[in-house]
Amino acid sequence: MELKSAFRMLFFPIQMFYHIVRASLLSLLPSSKKDLSKEVVLITGGGRGIGRHLAKEFAKQGAKKVILWGRTEKCLKETVEEISLSGSECCYFVCDVANRDEVYKQAKVVREKVGDVTILVNNAAVVHGKSLMDSDDDALLKTQHINTLGQFWTTKAFLPRMLELQHGHVVCINSILSQSPIPGAIDYCTSKASSLAFMESLTLGLLDCPGVGCTTVLPFHTNTEMFRGMRVRFPQLFPPLKPEVVAQKTVDAVRTDKVFLYLPWTMHALVILKSFMPQVALEEIHRFSGSYTCMNTFKGRT
Numbered sequence: 001m002e003l004k005s006a007f008r009m010l011f012f013p014i015q016m017f018y019h020i021v022r023a024s025l026l027s028l029l030p031s032s033k034k035d036l037s038k039e040v041v042l043i044t045g046g047g048r049g050i051g052r053h054l055a056k057e058f059a060k061q062g063a064k065k066v067i068l069w070g071r072t073e074k075c076l077k078e079t080v081e082e083i084s085l086s087g088s089e090c091c092y093f094v095c096d097v098a099n100r101d102e103v104y105k106q107a108k109v110v111r112e113k114v115g116d117v118t119i120l121v122n123n124a125a126v127v128h129g130k131s132l133m134d135s136d137d138d139a140l141l142k143t144q145h146i147n148t149l150g151q152f153w154t155t156k157a158f159l160p161r162m163l164e165l166q167h168g169h170v171v172c173i174n175s176i177l178s179q180s181p182i183p184g185a186i187d188y189c190t191s192k193a194s195s196l197a198f199m200e201s202l203t204l205g206l207l208d209c210p211g212v213g214c215t216t217v218l219p220f221h222t223n224t225e226m227f228r229g230m231r232v233r234f235p236q237l238f239p240p241l242k243p244e245v246v247a248q249k250t251v252d253a254v255r256t257d258k259v260f261l262y263l264p265w266t267m268h269a270l271v272i273l274k275s276f277m278p279q280v281a282l283e284e285i286h287r288f289s290g291s292y293t294c295m296n297t298f299k300g301r302t
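Taken in order, the sequence shown gives residues 1 to 302; the numbers are from the working numbering.
Hint data in this document are derived by calculation from the structure and do not stem from the laboratory.
Glycine included, C-beta positions come from ideal geometry on N, C-alpha and C.
Hints are supplied without guarantee of correctness; some may be wrong.
DEER-style ranges, computed between Cβ atoms [what the hints assert, rightly or not]:
1. Gly205 / Ser275: 20 to 28 Å
2. Lys74 / Ile272: 39 to 47 Å
3. Phe234 / Val114: 43 to 51 Å
4. Val232 / Leu3: 55 to 63 Å
The list that follows gives simulated cross-link-like pairs (lysine to aspartate or glutamate, EDC-like), each with its CA atoms no further than 16 Å apart [stated by the list, open to error]:
5. Lys60 / Asp252
6. Lys60 / Glu82
7. Lys258 / Asp35
8. Lys33 / Asp252
9. Lys156 / Glu89
10. Lys65 / Asp101
Using the sequences and the accompanying hints, generate a full structural model.
Structure, rendered in C-alpha cells:
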C-alpha cells in the first residue's frame with residue numbers, strides 16, 4: 001500500500017502537466033457543439049437584461065422549448081411574444097426564486113405543463129449599490145435570497161430529474177465581482193461570491209454523474225439596466241460588455257461543456273494577479289481603475 005501511494009504521489013505531477021498541456025491544446029482547436037433541438041431550457045430572471053438575450057439566443061441556436069421565470073409579468077410577456085414571433089416555442093411563469101415554496105410549486109407546474117427541464121439557467125439577480133452602513137437590512141437579505149439562495153431552490157427542484165435522465169446542465173450567470181469585489185456593492189459582491197462557491201462545489205459533486213454538467217459565467221460589467229449609472233474610469237480600455245455578447249458566449253459554453261467562462265478573457269489576468277500580489281498593490285490597481293468611485297453615480301433599474 002505504501003509503495004502504491006508513493007507511486008501515485010510521483011505520478012501526480014505528470015498527470016497535472018498532461019492535463020494542463022491537453023487543455024491548452026484543445027483551447028486552440030474548434031470545439032464541437034452539442035445539439036439543442038431536444039433541450040428544454042428554463043431561465044430565471046428571463047424577462048429582461050441578460051436573461052432576455054439568453055432566451056433569444058437559446059431559441060436562435062435551436063432549443064426545443066424556452067421557459068422564462070421572473071417577477072415582472074409585463075417583461076416576461078414581452079420577451080415571450082418576441083421569441084414566439086421567430087417561430088420558437090416559449091412560455092413564462094411568474095415566480096420569485098427567493099421564495100422557496102413558490103419555486104417548488106412552480107417547478108411542479110412546469111413539469112406537468114411543459115415537461116422535464118434539461119438546462120437550468122440561474123440568471124435572476126438584484127443589486128442595491130450601497131455601502132454596508134447605508135443599506136437597509138431587508139434589502140441586504142433580499143439580495144442574498146435572490147442571488148444565492150434562489151439557486152439552491154431551483155437546483156434542488158430540477159437537478160434530481162436530470163440525474164435520473166443522466167442528461168442535463170446547470171448554468172449560473174455569476175460576475176467577476178465574485179472574485180474581485182468593489183466598494184458600494186457589498187450586497188451583490190457577497191452574494192456572487194457565495195454563488196460561485198455553490199457552483200464550484202456543485203460542479204465537483206457532479207463529477208461522477210454522467211450526462212450532467214455545469215457552466216459558470218463570470219462577466220465583467222455588462223451594459224444592462226441593473227447597473228445603470230455605474231461608471232468605469234477608462235471605458236476605452238474596459239468597455240462594458242453587451243448583453244447579447246454575454247448571451248451568445250454563454251450558450252456556446254453550454255454547447256461545448258465549458259465549466260468556467262470569463263468575459264472578456266482578460267479577466268483571467270485579474271484573478272491571477274490577485275492570487276500573488278500584495279494587498280497594497282491590489283489597492284493601487286483599484287485606485288487606478290476607479291473602482292472605489294464607480295458606484296457613486298449608480299442608479300440601477302428605475
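Evaluated hints:
1. A beta carbon spacing of about 24 Å between Gly205 and Ser275 agrees with the range 20 to 28 Å that was offered as a hint.
2. About 43 Å separates the C-beta atoms of Lys74 and Ile272, a value consistent with the hinted range of 39 to 47 Å.
3. At roughly 45 Å, the beta carbons of Phe234 and Val114 sit within the given window of 43 to 51 Å.
4. Separated by about 57 Å at the C-beta atoms, Val232 and Leu3 satisfy the suggested range of 55 to 63 Å.
5. Distance hint between Lys60 and Asp252 is fulfilled; the C-alpha atoms sit about 12 Å from each other, no more than 16 Å.
6. The suggested pairing of Lys60 with Glu82 holds, with an alpha-carbon distance near 12 Å, which does not exceed 16 Å.
7. Taking the CA atoms of Lys258 and Asp35, the gap is about 15 Å. The hint holds against a cut of 16 Å.
8. A threshold of 16 Å between alpha carbons decides the hint, and for Lys33 with Asp252 the separation of about 7 Å falls inside it, so the pair holds.
9. Taken as a hint, the Lys156 and Glu89 pair is broken in the structure, with Cα atoms around 25 Å apart against an allowance of 16 Å.
10. The straight-line distance between the Cα atoms of Lys65 and Asp101 is roughly 24 Å, outside the 16 Å bound, and the hint therefore fails.
Hint compliance for this structure: hints 9, 10 are not met, and every other hint is.
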